[in-house]
Amino acid sequence: MTRKTLYALLALALTSAAFLFGQNVDIREWITGHGGKPAIAVTDFRGAGAAQPLMGTFNSTLFSDLDGSSLFEMKPKSNFPLSNPQRPEDLRPEDNKQGLALVDWNGPPVNATHIAFGYSAAVNGVLVLYGYLYDTRPENSQAPQLLYGRYTGSMDAAGATKVAHEFANDIIQKFGGAGSLLGSRIYFSSNRTGADEIWAMDYDGTNQKALTSLKSLSIMPGVSPDGARVAFTSYAKGTPRIMVASTENGRLLPFYNQEASLNTTPNFTPDGKQIYYASSASGLAQIFVAGLDGQGFRRISRREAIAVEPKVNPKNPNVVLFVSGPGPQQIYKMNAEGADVERITNGEGEASNPSWNPDGQHIAFSWTRGYAKGDWNVFVMDIGSKQFVQLTHSEGRNENPNWAPDGRHLVFTSTRNGRPQLYTMLADGTQVKQLTQTGTNRYPVWGAK
Amino acid sequence: MKTNEWYPVRPSTRASIAVAVALTLFAAGCKKKVVIPPPPAPQPTSEAARVNPPSASAATIAEFTVEPSTIERGQSANLRWATSGATEVSISGGIGTVAVSGTRIIRPDVTTTYTLTATGSAGNATRTATVSVTAPPPPPPPAPVVRSNVGTLESRVASDLQDALFDYDSNNIRDDARAALTADAAALQKIFADFPSASINLEGHCDERGSAEYNLGLGDRRASAVRDFMVQLGVPAAKIKTISYGKERPQCTEANESCWQKNRRGHFSANQ
Chain A
0 MTRKTLYALL
10 ALALTSAAFL
20 FGQNVDIREW
30 ITGHGGKPAI
40 AVTDFRGAGA
50 AQPLMGTFNS
60 TLFSDLDGSS
70 LFEMKPKSNF
80 PLSNPQRPED
90 LRPEDNKQGL
100 ALVDWNGPPV
110 NATHIAFGYS
120 AAVNGVLVLY
130 GYLYDTRPEN
140 SQAPQLLYGR
150 YTGSMDAAGA
160 TKVAHEFAND
170 IIQKFGGAGS
180 LLGSRIYFSS
190 NRTGADEIWA
200 MDYDGTNQKA
210 LTSLKSLSIM
220 PGVSPDGARV
230 AFTSYAKGTP
240 RIMVASTENG
250 RLLPFYNQEA
260 SLNTTPNFTP
270 DGKQIYYASS
280 ASGLAQIFVA
290 GLDGQGFRRI
300 SRREAIAVEP
310 KVNPKNPNVV
320 LFVSGPGPQQ
330 IYKMNAEGAD
340 VERITNGEGE
350 ASNPSWNPDG
360 QHIAFSWTRG
370 YAKGDWNVFV
380 MDIGSKQFVQ
390 LTHSEGRNEN
400 PNWAPDGRHL
410 VFTSTRNGRP
420 QLYTMLADGT
430 QVKQLTQTGT
440 NRYPVWGAK
Chain B
0 MKTNEWYPVR
10 PSTRASIAVA
20 VALTLFAAGC
30 KKKVVIPPPP
40 APQPTSEAAR
50 VNPPSASAAT
60 IAEFTVEPST
70 IERGQSANLR
80 WATSGATEVS
90 ISGGIGTVAV
100 SGTRIIRPDV
110 TTTYTLTATG
120 SAGNATRTAT
130 VSVTAPPPPP
140 PPAPVVRSNV
150 GTLESRVASD
160 LQDALFDYDS
170 NNIRDDARAA
180 LTADAAALQK
190 IFADFPSASI
200 NLEGHCDERG
210 SAEYNLGLGD
220 RRASAVRDFM
230 VQLGVPAAKI
240 KTISYGKERP
250 QCTEANESCW
260 QKNRRGHFSA
270 NQ
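Going down the list, the protein sequences come from chains A and B.
Number 384 in numbering that gives the first Met the number 0 belongs to position 385 of the first sequence; there are no gaps in the numbering.
Number 133 in numbering that gives the first Met the number 0 belongs to position 134 of the second sequence; there are no gaps in the numbering.
Chain A extracted, bound-state conformation:
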């Protein structure tokens, strides 16, 4: 090897390293929100007259929404000054140490960069909430108001929850968050009626209801980007086939299944126009793509191993993840023609259930790396750098992670409390909440609605 070639190779290696390094935020930083979060003080809002009894619900919901977004450093209320502003008119430019100047909130002991305040009143039998968000930092004192909103709801706990969600959503959007989870829904399989049916619930576990009544085995839903349809695998006609249902009323929509012993793991493309799925039509289960009605199908993968769980990148339709062999199951990627196949996971253990973060850069997935076969844990990986972080640590089996539309929350299945149940958590593995209790609940996917 000549010296020149050596230099060329060295330069290439350095460039590649620099490219990789420069492209990617460290995965640990990424999952905790890049650091440097706004420090927010959320005051306790008070209500005039009949509105006051509802404010306990409002205050806890607002705090929990903002905290749950993982966008903010939530300042403890115990450090707050005695007086809280309720209207902008209450604010004084000078530091009076009583809480009515913004600098009172910016300095110690509160040390907040932002403050949320406001009040509510009953107006003609309607709950009206006035909410403000201000920047407390002296350098921004010329234009401290970031947000003012007037929100209305019914004069009950539901109304108070609604206005809290809406105000929290506006605050989150101010900080570049993908919005609150308000309105998003989780679709899953539950056997609580005796047979596995497809169910839906609100993002926080409320309003659980069955979508299907097929009295068979209906599992592994995928949800369309607009949240209007679920596609899933059902044994209602004997062999496992793909079915599509409306999320509004559970009505079945036509889907053409190929003549095959197995048609399964349907997933909508991010443009909502196609469904990728796995079929044994060609013998060994392989990845196919078809229209929303199953027509015009086309084989994509040409593997000499089982291929299932196709997931199209939300930012690039030419990048498709799937799970395949040979050897222990791993996550692979390919292009939309089935070429340029590359293994994503490093070959350790078994890997499955890839779920794209809306940023198209990160995935959550299940992996047995570091544990015995079958001991699944949830991991998050940067698809470019292949850096990964383990979010669960063998508290039962943890599988099927699926990103919320906000890109910060995950829903997953865990056996940590016995039978498989659904849980949510933040991308850094904190704030784990159990959403289901009855029967066995599995295969969650998080829809925009």
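Among the hints, a few may not be true.
Computed cross-link-like contacts, DMTMM-like style, restricted to lysine to aspartate or glutamate with a CA-CA straight-line distance of at most 25 angstroms [to be verified]:
#1 K372/A to D162/B
#2 K432/A to D201/A
#3 K240/B to E258/A
Hint data in this document are derived by calculation from the structure and do not stem from the laboratory.
Please read these numbers as outputs of a predicted model, since none were measured by experiment.
Fit chain B to the supplied structure of chain A, relying on the hints for placement.
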């Protein structure tokens, strides 16, 4: 003749053919009837007439009946006849010469017309009697064959067919599975003989460790591997439907290898 060669035939020609066919069939049907024309009456010679002067008696038939006139094939009927003035009486249909009066039991297979010929010195007389033979009604369908050890399809499938067991993440037919499936193929032939319209589900199952989605693919592979093996042994492919259950329908739910092995299987079930 190929069917399509009929099509170019013009309607008129077709009608002629139909008539010809009908006539042929009719003729064929008649052939079976035993109709023997009466023999010509013997001409008395002039000498005989001279030597034996006629007694001036002509033969007459008082009665020639068949009772009953319609029988089913295999039943019998009675011919009854009475003549007078006859020197010889004979009945066609293989009966031949008979007494001047009498009865005869007949058992024809097909409709038959019997001709009685009474020959007298002064003249002959003939009369016919027909017995119609009808075909018996078709028998009822054969009673189902009752075998004491047939049981139900479900019970036979459950008791006579063994699972084929697999290694983890594998669809290779192991030696023990090969032996089990060879016995299964023989048992299946008997089951299909006892239940000719039955077909069998071949279920592919996996243990709980691989991911549920991957295991649907793996169970499918196992079921097809078993099916292919059975087909090699002569079991009709059309009688076997493969279904992958992945790890959705385990028969054993403990987390140990003995239980996992039970779940890594190709399993036969009756197709409802």
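Hint check:
no.: 1; hint: K372/A to D162/B; result: holds, 24 angstroms
no.: 2; hint: K432/A to D201/A; result: holds, 14 angstroms
no.: 3; hint: K240/B to E258/A; result: holds, 12 angstroms
The structure fails none of the hints (numbered hints given earlier).
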